[in-house]
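Chains as they are written, first to last, in the working numbering: chain A, 1 to 341; chain B, 1001 to 1341; chain C, 2001 to 2341; chain D, 3001 to 3341.
It cannot be assumed that every hint is accurate.
What the hints assert, rightly or not - Label-pair restraints from in silico Cβ distances: (1) C:MET2001 <-> B:LYS1224: 19 to 29 Å; (2) D:ASP3126 <-> B:ALA1300: 17 to 27 Å; (3) C:HIS2185 <-> B:LYS1165: 36 to 46 Å; (4) C:ASN2122 <-> A:LYS275: 33 to 43 Å; (5) A:ASP123 <-> D:GLU3284: 52 to 62 Å; (6) C:ALA2130 <-> B:LYS1304: 49 to 59 Å; (7) C:ASN2122 <-> A:ASP315: 44 to 54 Å; (8) B:GLU1332 <-> A:LYS51: 56 to 66 Å; (9) D:ASP3083 <-> A:GLU258: 21 to 31 Å; (10) A:GLU258 <-> B:ALA1300: 46 to 56 Å; (11) D:ASP3083 <-> A:SER152: 53 to 63 Å; (12) C:LYS2330 <-> D:ASP3083: 17 to 27 Å; (13) A:LYS119 <-> B:VAL1129: 14 to 24 Å.
Just so you know, these hints were derived from the structure itself, not from any lab.
By construction, the Cβ of each residue, glycine as well, lies at the ideal position given by its N, Cα and C atoms.
There are 4 protein chains.
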Amino acid sequence: MIRFDSDYIEGCIPEILNALNNTNDEQTVGYGEDEHCAKAKALIKKAIANKDSEVYFLCGGTQANVTIISSILKAHQGAICADSGHINTHESGAIEACGYKCLTIPSSDGKIYANEIEKMINDHFDSEVAPHMVQPGIIYISFPTENGTIYSKKELTNISKVARKYNIPLFIDGARLGYGLASPHNDLTIKDLAKLCDVFYIGGTKVGALFGEAVVITNKAYQKDFKYHIKQHGGMLAKGRLLGIQFEELFKNDKYMEISKHCIDMATYLSKGFKAKGYKFKYEAETNQLFPIISKKKIAELKKNFSFQYWESYDENSDVVRFVTSFMTKKENIDSLINAL
Amino acid sequence: MIRFDSDYIEGCIPEILNALNNTNDEQTVGYGEDEHCAKAKALIKKAIANKDSEVYFLCGGTQANVTIISSILKAHQGAICADSGHINTHESGAIEACGYKCLTIPSSDGKIYANEIEKMINDHFDSEVAPHMVQPGIIYISFPTENGTIYSKKELTNISKVARKYNIPLFIDGARLGYGLASPHNDLTIKDLAKLCDVFYIGGTKVGALFGEAVVITNKAYQKDFKYHIKQHGGMLAKGRLLGIQFEELFKNDKYMEISKHCIDMATYLSKGFKAKGYKFKYEAETNQLFPIISKKKIAELKKNFSFQYWESYDENSDVVRFVTSFMTKKENIDSLINAL
Amino acid sequence: MIRFDSDYIEGCIPEILNALNNTNDEQTVGYGEDEHCAKAKALIKKAIANKDSEVYFLCGGTQANVTIISSILKAHQGAICADSGHINTHESGAIEACGYKCLTIPSSDGKIYANEIEKMINDHFDSEVAPHMVQPGIIYISFPTENGTIYSKKELTNISKVARKYNIPLFIDGARLGYGLASPHNDLTIKDLAKLCDVFYIGGTKVGALFGEAVVITNKAYQKDFKYHIKQHGGMLAKGRLLGIQFEELFKNDKYMEISKHCIDMATYLSKGFKAKGYKFKYEAETNQLFPIISKKKIAELKKNFSFQYWESYDENSDVVRFVTSFMTKKENIDSLINAL
Amino acid sequence: MIRFDSDYIEGCIPEILNALNNTNDEQTVGYGEDEHCAKAKALIKKAIANKDSEVYFLCGGTQANVTIISSILKAHQGAICADSGHINTHESGAIEACGYKCLTIPSSDGKIYANEIEKMINDHFDSEVAPHMVQPGIIYISFPTENGTIYSKKELTNISKVARKYNIPLFIDGARLGYGLASPHNDLTIKDLAKLCDVFYIGGTKVGALFGEAVVITNKAYQKDFKYHIKQHGGMLAKGRLLGIQFEELFKNDKYMEISKHCIDMATYLSKGFKAKGYKFKYEAETNQLFPIISKKKIAELKKNFSFQYWESYDENSDVVRFVTSFMTKKENIDSLINAL
């Protein structure tokens, strides 16, 4: 079985395993106050060219989303997001379990737009009904989105302007950040992105690490007391250095972008393979998630040797499915798949 | 600097690093549905001799506590615990953040007793005031406790009887379970413990793993839907196999008890060293946490070469401090410490 | 200014004021354990012909919704509802603040239908994604809806069948229950409604009382410990008798239906007035809430002497507005309004 | 049966019933935006001589406590209070249900003191453990306390100084405020009290109203968005004027203090009766709650004609019980009781 169901089906880059081996006997303080975390933070701050930011390491995406949103919102506020946003669909109600409503904007491509966000803010702050409706307190977007699409620099700038106009922080879920940045369709640098938002995170779990996400809070107003929220949400790893060690390796020698580029190259190669065989995509194939439309018969046949994910029904005879490449995807496996198409 | 501040200052047993290396290229399904998790679960079920139990892997202790308690309690219920219990003191309000009150019993040694628990249950269910008071919905104890003490088989059996009499589940926090079981003062087997409670967890983070706790739900009534709660609390690791791989190694060839015994041997050796030099302990030195009473002057001197934790004030001239050994503690480091005493 | 903005702009039926006067010096126990509450509960049980049900009195609608939903759901569950449902729109996130997600179905008339509900249940329980998605734990509908529409007996029966097929309780928000039951379009009795759901409430605030809602739990499975939740949500009035006294008056001599009928007669009279003048309605004018489409110019003119609510934009020149009649609406006021149209 | 079990066993002052009668046909806007609420707020602001304060009306004490605390705290913060504080004992976990921990200080008389509060703040903010412990975010005290005792001006001033030193708001639960202010042992005016705290409430339910509490936020920093929290906690009464009408009557012509004084006079008269018969009190008899120690035999005898509350066991033969007078207590009923002693 060759797997294309996700980007978390393999382990990590070999540099991380080496580093874990080399540091295993070291004695360090716990809870992320160690030297490895310090070094990793410095590398990330350098990469985003923002000295005022603070970097924190958490274990996974749901945890990062919940911790960030809980640390910023007050009890009467909610998070503006696409209805397809991860926090609204696949986190088992984690945001609501902390007391916060997802204020959803319908989206067909995974993205939400500045004018839609501004309209929602105005509707909710309208004086007549205001205290009866949840107050927008944060804007959540994913880069890339759950549908593999990415925001252009212009689109993100427009959202950022709305966020700042209404003094509502902008949070970018970067669980697959590297794959967005490495996309040939992308015109944003990580520095641009850091400047345009108030908080974002750099996904490690899906981009080279065993596990872990680096949360970057660029807006100083939201740094205070953030560690309390990490602890409260179970994200303060006793052996916090494990996360420092991993991000040290990822951000040494531009490794993060190097492996992201490999993944995107593989996705592009696969995407071309699909197109060459006449397949169409449901969503624009911009990053490492591809959503081809395939006949049910062909799907059944492919399933014998390849794993991939059902996404949604297309028509009577066809479904949309998801193929995902990763930082470890081998070209030969894609060749096998293309041959089978 | 030689560190005795905690049992999470080093990495993991070498077998785990080897296993991570050997499995790194494997492609597996995510979220803990892989073969490694399946094998680790089987090994644990065999160790506790309980086929009806279910095993789940989580990332850390606070996360395990919150996930278990949230999955069992309803909104009007709370958790009976010692006032010194970890959930009541050092989890940054994680239990309350999920909506649940800690119903605390004052404790001087970290333990709570069957008669105290029964009294609290009766007081709270008293018909006149009942709906005005939080209903006890779970009993939380730690084995070993936060003060390094352990429950005897008789004490635990008595608590278990109360729990079953009132149909309130008993939950044992085993963040340091191995060190309790390996204690020369202990008369409980892991099978006894599994039988006497409804849910417990086997600490990995502090006992040989990089990170991870194995939650064992022995009472079938509480297994349903538990995975939803893992996901909601950010505990469903995308690369879930990381936890399976670690617990496979820990439960192969009785490794878990072997390394626990080493840790306890080191603690006993250190404890004898303290006693030989005339030091007294604040709490019974039963496991790998030692709480000697040391003059402030001596503490300042020791701090130059050794790290350990301030616990509480003893008198004008002395404090209680905490020294902790781990599965990796070296005898030579203890010798250095004893010489310095 | 003649007010048509809502059905809570006046006081209560005179019988209630008399009863409050007559009982003011009585000494009774608190928290709803008094004789007046007992009598009112008996009257309601008789009206719905269901001896196994339990009746509880709460202060208002948001409180009733939150208390019922919190008492039934577990932390990983959510409430299926129309996207226009009151709990999803105008309760300032009260449901989410208790930790629960609103699982919304898009609705154009305020109603949701059995097939839509069944589809959502199946989608969410689908084994592949299940623990990543909130589990449907209760079905919430309003009778009448927020758009003034009502469910037919057939529609409600179909929803009830789905609820029972999947063992998910059906909860009917009856903040305006009387006005639904008194509608000439209605083919349900209060007994039918009680039989088809698991819990509902009888609105008092908008139907004759000063304040108060009577929650009826017909399914015995959900009665246990409900009082804890009332207390927790601030609904256990110290002078609980105030609610008993009011519902005693409302359910003596069929007063509740008598005043509801008056309100509906007034709405019908007004509705005919609108139609006679050539106005169209956005939603079916089935109960006491009317949603005519009126030109902005005319709205501005009417606003000088009448109060009513902006609902939504219709087109460039017209808006949908809401006119509401109540149990105290005077025919002469409607005549003034019709003249002004 | 003559009742002394609480101060909420009767209705309200006759002026309120008259006002409800006189205003019943008025049409007003809902949700507390009406003229009656405006007038009542003005009367209260005048009584406390603080123009910058904002006044809000809620339905009951638990609701007021939860709404205030939720509106001020962030998710990682908790409320410092006496272990006997109402929020910690008899609100069915309402504070925790909103996500907040009660940080309790042991109290033998219902009061907590400035030095204890300061010590708790310092312990929790200690840099080593800080993010692992709940951050103190509000100080909650009751005036009078749950044991009928009151703070002196000096004691309250000292607490206020600690609160301001650490920038933690001070909240005074005044469910029985009038009875504290009218106590002969009291040296505080309502103006003093308003100045020394950041938020307090004036109890109506137990002091002359049918129901309702007037929340006064004197610190402008905590006024913003408070209405959202009222709505979220079910406290925004549709017919909000009901609360305005009641507080208008209570604060016209100093009625609130007049009826409070009557209640205290009755309590003093009863207290003297107890003492004359040789009874002792468990807590200082400072307000309208008396806690005499009575033999079990005598209690059984008294129970035939009088209702009062069991408080706690005193010794083998005696219990502490609670007798409460109210704004409506009749002298003749106290005479009957004294005769029976």
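Consistency of the hints with the structure:
{"no.": "1", "hint": "C:MET2001 <-> B:LYS1224: 19 to 29 Å", "result": "violated (57 Å)"}
{"no.": "2", "hint": "D:ASP3126 <-> B:ALA1300: 17 to 27 Å", "result": "holds (18 Å)"}
{"no.": "3", "hint": "C:HIS2185 <-> B:LYS1165: 36 to 46 Å", "result": "violated (56 Å)"}
{"no.": "4", "hint": "C:ASN2122 <-> A:LYS275: 33 to 43 Å", "result": "holds (34 Å)"}
{"no.": "5", "hint": "A:ASP123 <-> D:GLU3284: 52 to 62 Å", "result": "holds (55 Å)"}
{"no.": "6", "hint": "C:ALA2130 <-> B:LYS1304: 49 to 59 Å", "result": "holds (56 Å)"}
{"no.": "7", "hint": "C:ASN2122 <-> A:ASP315: 44 to 54 Å", "result": "violated (20 Å)"}
{"no.": "8", "hint": "B:GLU1332 <-> A:LYS51: 56 to 66 Å", "result": "violated (43 Å)"}
{"no.": "9", "hint": "D:ASP3083 <-> A:GLU258: 21 to 31 Å", "result": "violated (58 Å)"}
{"no.": "10", "hint": "A:GLU258 <-> B:ALA1300: 46 to 56 Å", "result": "holds (49 Å)"}
{"no.": "11", "hint": "D:ASP3083 <-> A:SER152: 53 to 63 Å", "result": "holds (58 Å)"}
{"no.": "12", "hint": "C:LYS2330 <-> D:ASP3083: 17 to 27 Å", "result": "violated (56 Å)"}
{"no.": "13", "hint": "A:LYS119 <-> B:VAL1129: 14 to 24 Å", "result": "violated (50 Å)"}
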